[in-house]
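Chemist: Following the hints, put chain W in place on chain C, whose structure we already have.
In the order they appear, the protein sequences are chains C and W. Residues 1 to 424 in our numbering are what the first sequence lists, from first letter to last. Residues 1 to 424 in our numbering are what the second sequence lists, from first letter to last.
Calculated directly from the structure, the hints in this document are not laboratory data. All figures in this text were calculated on a predicted structure; none of them were measured in a lab. Some hints here could point you the wrong way.
Treat identical chains as interchangeable: a pair holds within one or across any two.
List of simulated lysine-lysine pairs, BS3-like, C-alpha gap at most 25 Å [what the hints assert, rightly or not]: (1) Lys12 x Lys273; (2) Lys225 x Lys52; (3) Lys145 x Lys94; (4) Lys225 x Lys82; (5) Lys101 x Lys182; (6) Lys101 x Lys340; (7) Lys101 x Lys273; (8) Lys342 x Lys101; (9) Lys273 x Lys386; (10) Lys204 x Lys254; (11) Lys273 x Lys342; (12) Lys145 x Lys254; (13) Lys125 x Lys12; (14) Lys9 x Lys125; (15) Lys245 x Lys182; (16) Lys9 x Lys52; (17) Lys9 x Lys273; (18) Lys368 x Lys386; (19) Lys342 x Lys125; (20) Lys368 x Lys125; (21) Lys225 x Lys125.
Protein chains: 2
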Amino acid sequence: MMYRHLFSKPSKQAPGEGDSINAKLLLQAGFIHQELSGVYSWLPLGLRVLRKVENIIREELNNLGAQEVLLTALQPQENWEKTGRWNTVDVLFKLPSQTGKEYALGPTAEEIVTPLVGSFLQSYKDLPLAVYQIQTKFRDELRAKSGVLRGREFLMKDMYSFHETSADFDEYYAQVIDVYLKIFNRIGVEVKVTEASGGAFSNKISHEFQIITPAGEDQLIACAKCRFAQNTEVATLAVGEACPKCGGELIATKGVEAGNIFDLNTRFTDAFKIAVTTASGERVAPHMGCYGLGVSRLVGAIVEARHDERGMIWPDSVAPLTVHLVSLGSGEAWEPVLEKSKDIYRTLMASGIEPLWDDRSDVSAGEKLAAADLIGIPYRVVISPKSLAAGGVELKRRDSIESRIVSCDEILGLITTKSVGPSL
Amino acid sequence: MMYRHLFSKPSKQAPGEGDSINAKLLLQAGFIHQELSGVYSWLPLGLRVLRKVENIIREELNNLGAQEVLLTALQPQENWEKTGRWNTVDVLFKLPSQTGKEYALGPTAEEIVTPLVGSFLQSYKDLPLAVYQIQTKFRDELRAKSGVLRGREFLMKDMYSFHETSADFDEYYAQVIDVYLKIFNRIGVEVKVTEASGGAFSNKISHEFQIITPAGEDQLIACAKCRFAQNTEVATLAVGEACPKCGGELIATKGVEAGNIFDLNTRFTDAFKIAVTTASGERVAPHMGCYGLGVSRLVGAIVEARHDERGMIWPDSVAPLTVHLVSLGSGEAWEPVLEKSKDIYRTLMASGIEPLWDDRSDVSAGEKLAAADLIGIPYRVVISPKSLAAGGVELKRRDSIESRIVSCDEILGLITTKSVGPSL
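If we strip away everything but chain C, and leave its shape as in the complex, we get (with noise of 0.2 Å):
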């Protein structure tokens, strides 16, 4: 990609407008706009980091063989009179039309995925199965806050499972655990893994899924060495205390939900007298589980946890490029430059590596290497004038304050291999 055309290229200044840090990188950078307060357009950079966390995601839930639908933001007022919640969920959307009937705007899909599956359902052989969605959803907040953490449009991963029994949902609840906790670690950020309050649907505690972060809105009892938590709405232990994991010291702190999962028991399947026949012949209402992953949340909150004053810094999971190529150069000096930096953005495309390319020649060094730092991709590597006489490139990681030279060959190598060294 290059630079030059792409075009929404980061600001010099800091905007005026972000409520956040991480609105204010990701609206400097151009990673997003802000349409309406808590509504943000992703611009080609953020939509490249939004689509790779939405593909880890993806990929972990087909492994555990989840199915992916994309089920309806339109959804009938009966649905959520049946399950009485067209007046008690405060956030809800509700849509006039020219029919004369009212839709909700979907913030959630239990109202959808509940008889869509339950149409399908015959006998107990048809189960466990879960489904999942990657969709935009919709909350009617009072107030929107924190940049892409809380917002009144938001993409979300939501699966919903479906079992025969409380006991096979209770296994199935630890399996997505471990599949999140592969998921947050995919992705390079690191949770706590916090008990909650289960709601109105459940005696049991429900678990989020909490990046710790100053920005979150989430107070926490949290381990300092495992991760083992307690949102303090339900805390049972205190600051000081051992953590009953592993030991360690409890501390407050704070975190964003970037994920939760929770047991809905039999609330829709009741709702909507869904039932499968057992291999006894007993008709049971199949027991719900629901799995939430807030996706663009999770960009803010990796933001949050992860930058320093001059930007963001992506984990090359998810980093919208993973090499940033900076030419650098004037007079009779650019045309070795940009010959050489020719030759590595050829070597890079061709083995899979898309970098961006910063070949502007009217734009100065200091203002390339600050639009470098604040975009934040992994790897930068400046070819100069300077460079080229140490013999190479220069090749310095976001993540780090060392660069080093190295040759044009050794690039490919220590960019794929993710090797570059301790120094770097």
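Modeler: Below, chain W without anything else, positioned relative to chain C:
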């Protein structure tokens, strides 16, 4: 993919609710599920088709140099006031919110994309540029009809281009016609490039890409030989006259509009006071073009154009899967069939061709073969005691009535090369 794992299995009965061939077949085959009139969820097999159509469009638009974004569905009322369309677009959903503001729920994105792109534009050097998105759109249709051909919620690709001059726009417009023809060609449908009204923003004609089918809502005068057509709304030619492009005979027919492209002139850049500086220092409003493609509609149009009395007939490029593997047999003949089927399943998977494998032993041969015809995957491979006795498996293309026995070693070559010969 194991057929028995698929939660949304085809039904033996045609559905009551389908209002068109595409709705009936997509519903019966478990590709979609109706939530409201004109509002359909996409189930695993249907979603696979949708994604393949999406990806073909994405590839071709990226090749053209267009930049992908994801704009918002929630749009500010004030933007629609600025363009004067808040009260004139009769299908515009207006969404009240707790904040007291009303939002538009996007049926199109000019009101978002124009100020967004405008905020990044400085001089003529930033032009031309084009951005596109593949996004769910909403239309408050008084009457939804024809299955996924005209719904209240649907997936659409919308692209917007920005130019310094109208001459530059004209050139780009012609390029997009070629790209669209490439897309339709890859998807496997024939279209008529149809002259239609330019709408309110231009005196020029616009072009619609019409798929010829009796289910179409649009009346056309079309050439029987080439791609030329006129929408009767603007027709200057009559049935029986000679085609101005090729001399072929003009006939009356019906089409589904799968795409349209048109000139927005400076209608929206004027409304939002967007201007760029030209080389001579003037400030001019960029000339815009708009290019739509109905993604979910296209899936319906393919079904309308390609089906028979037994079911759907997917083009190879967008079929949910490429091979439908059907294992038949019972009693002691079942074991060898199952073994051979496993071999073939593994061989196909190893070469990147994921089959849909129906290994159910509690269902009749007739039911399995009927399901295969209904789903319409391009290649059907039947493994049965009879085929094994004849030396292999029975290979049949969905679009042919003939089948033949091929050895197991042959299958891969016949499927990957798509050269099953004239008899298939």
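Chemist: Now look at each hint and say whether the structure bears it out.
Modeler: Comparing the hints with the structure gives:
1. Taking the shortest alpha-carbon separations for Lys12 and Lys273, only the inter-copy value of 23 Å comes in at or below 25 Å, while the best intra-copy value is 58 Å.
2. For the identical chains of this complex, Lys225 and Lys52 are neighbours neither inside a copy (29 Å) nor across copies (45 Å), given an alpha-carbon limit of 25 Å.
3. Within a single copy, Lys145 and Lys94 get their C-alpha atoms as close as 21 Å, and across copies as close as 23 Å, so both meet the 25 Å cut-off.
4. Taking the shortest alpha-carbon separations for Lys225 and Lys82, neither the intra-copy value of 45 Å nor the inter-copy value of 56 Å comes in at or below 25 Å.
5. When the C-alpha separation of Lys101 and Lys182 is checked against a cutoff of 25 Å, the pair qualifies neither within a copy, at 43 Å, nor between copies, at 41 Å.
6. When the C-alpha separation of Lys101 and Lys340 is checked against a cutoff of 25 Å, the pair qualifies neither within a copy, at 64 Å, nor between copies, at 55 Å.
7. Taking identical chains as interchangeable, the C-alpha atoms of Lys101 and Lys273 lie at most 25 Å apart only when both belong to the same chain, with a minimum of 24 Å there against 38 Å between chains.
8. Within a single copy, Lys342 and Lys101 get their C-alpha atoms no closer than 59 Å, and across copies no closer than 51 Å, so neither meets the 25 Å cut-off.
9. In this homomeric assembly, Lys273 and Lys386 never come within 25 Å of each other (Cα to Cα): the closest approach is 73 Å inside a single copy and 45 Å across copies.
10. When the C-alpha separation of Lys204 and Lys254 is checked against a cutoff of 25 Å, the pair qualifies only within one copy, where the shortest distance is 23 Å, while the shortest distance between copies is 59 Å.
11. Within a single copy, Lys273 and Lys342 get their C-alpha atoms no closer than 64 Å, and across copies no closer than 39 Å, so neither meets the 25 Å cut-off.
12. For the identical chains of this complex, Lys145 and Lys254 are intra-copy neighbours only, at 16 Å inside a copy versus 50 Å across copies, given an alpha-carbon limit of 25 Å.
13. For the homomeric pair Lys125 and Lys12, the shortest alpha-carbon distance between copies (19 Å) is at most 25 Å, but the shortest distance inside one copy (60 Å) is not.
14. In the homo-oligomer, the alpha carbons of Lys9 and Lys125 lie at most 25 Å apart only across protomers (13 Å), although the nearest pairing inside one protomer, at 54 Å, exceeds that limit.
15. Within a single copy, Lys245 and Lys182 get their C-alpha atoms as close as 20 Å, which meets the 25 Å cut-off; across copies the closest is 59 Å, which misses it.
16. Taking the closest pair of Cα atoms, Lys9 and Lys52 come within 25 Å of each other only inside a single copy of the chain (21 Å); across copies the shortest separation is 30 Å, beyond that limit.
17. In this assembly of identical chains, Lys9 and Lys273 lie within 25 Å of each other by CA distance solely across copies; the values are 21 Å between and 53 Å within a copy.
18. Proximity of Lys368 to Lys386 under the C-alpha cut-off of 25 Å is restricted to the intra-copy arrangement: shortest distance 16 Å within a copy versus 70 Å between copies.
19. In this assembly of identical chains, Lys342 and Lys125 lie within 25 Å of each other by CA distance solely across copies; the values are 22 Å between and 59 Å within a copy.
20. In this assembly of identical chains, Lys368 and Lys125 lie within 25 Å of each other by CA distance solely across copies; the values are 18 Å between and 60 Å within a copy.
21. When the C-alpha separation of Lys225 and Lys125 is checked against a cutoff of 25 Å, the pair qualifies neither within a copy, at 43 Å, nor between copies, at 54 Å.
In the structure shown, a violation is registered for the earlier hints numbered 2, 4, 5, 6, 8, 9, 11, 21, in ascending order.
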